[in-house]
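S.K.: Using the sequences and the accompanying hints, generate a full structural model.
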Amino acid sequence: MKVEIVLTRDGDQQVVSYDYQRREPKERPMVLDVLLQAQATTIPDLAFRYGCRARNCGVCTIDINGKPRIACRARAREGDRLEPVSTLPVLGDLVVRRDGVARQLRGRLPVAAQGNDLNVEAPQAYHELTACIECYACLTGCPMHARNGENADPGAGYEFGNPFSLLKLQRARLDPLGSSQSREQALKSAVELGLSSCVDCPGCKCGVGIDLKNLVVSELLTAAGDRLPEPSDLSEETA
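Take the sequence shown: its position 194, counted from the start at 1, is 217 in this note's numbering, and no numbers get skipped.
Errors might be hidden in some of the hints.
[Said to hold, decoys possible] Here are the computed lysine-lysine pairs in the PhoX-like style, where the Cα-Cα straight-line distance is at most 20 Å:
(1) LYS211 x LYS236
(2) LYS228 x LYS90
(3) LYS236 x LYS90
(4) LYS25 x LYS49
(5) LYS25 x LYS90
Treat the hints as calculated values from the structure; they're not laboratory data.
M.R.: This is the structure we're talking about:
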């Protein structure tokens with residue numbers, strides 16, 4: 024089974040064809056299996072990330088045929104094109120810089136409540152949002168993240184947010200141990216990160232199937248109300 028692997032070296036891209044050798048005739052390998060075999064056999068310096076290998080961490084996310092997929096969840100197919108996710112800066116081969124997404128939440132995310140009252144139940148939506156594995160597949164097609172532009176400095180934290188950052192803030196708003204002040208802070212942060220970009224967006228796509236549009240974006244837009252800038256103000260801001 025042949026696949027194409029896009030390597031990024033010193034800023035240049037090259038496409039390498041790799042022929043995966045099945046370990047048994049009926050094997051249906053995951054994309055991560057293909058990358059591991061390629062590294063072990065013909066491309067020893069192939070750079071890519073993986074963590075749990077159990078579909079729980081999202082670190083191995085790459086673009087497969089132009090769409091972000093979790094490599095340990097995705098079945099490899101004849102002719103697949105494997106490359107780094109297009110929404111984050113490439114460090115080398117299939118490795119991208121991920122820290123800018125987390126850095127933007129520093130000082131914006133409410134401090135977690137101390138202690139735990141077992142008699143306090145979290146709403147179902149809160150539990151559904153904890154399924155996020157930080158794969159960052161949701162950045163693809165996001166107009167809010169796109170506002171950061173190609174020259175954004177991830178080391179300083181992205182200025183504008185994305186569905187992941189909104190998810191973290193909405194989860195803070197749903198935290199049963201949170202205070203009214205922390206919920207207000209989370210909403211304020213969502214607006215500051217560019218929530219207004221979501222008004223005309225058809226919706227987000229999550230790598231593990233979380234309903235981001237209804238559980239996160241719609242809830243935040245409703246709560247923000249008239250705090251969102253007018254479209255004319257947004258145009259001036261991005262001009």
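S.K.: Given the hinted pair LYS25 and LYS49, is their alpha-carbon gap at most 20 Å?
M.R.: Roughly 16 Å between the alpha carbons, so the hint for LYS25 and LYS49 holds.
S.K.: Starting from LYS25, check that the Cα of LYS90 is at most 20 Å away, please.
M.R.: It holds: about 19 Å lies between the C-alpha atoms, which stays within 20 Å.
S.K.: Just to be careful, I want the Cα atoms of LYS236 and LYS90 compared with a cutoff of 20 Å; is the pair within it?
M.R.: holds (19 Å)
S.K.: Straight-line Cα separation of LYS211 and LYS236 no greater than 20 Å?
M.R.: holds (19 Å)
S.K.: Take a quick look at whether LYS228 and LYS90 sit within 20 Å of each other, Cα to Cα.
M.R.: The given pair, whose Cα atoms are some 11 Å apart, holds under the 20 Å limit.
Comparing the model with each earlier hint shows no violations; every hint is respected.
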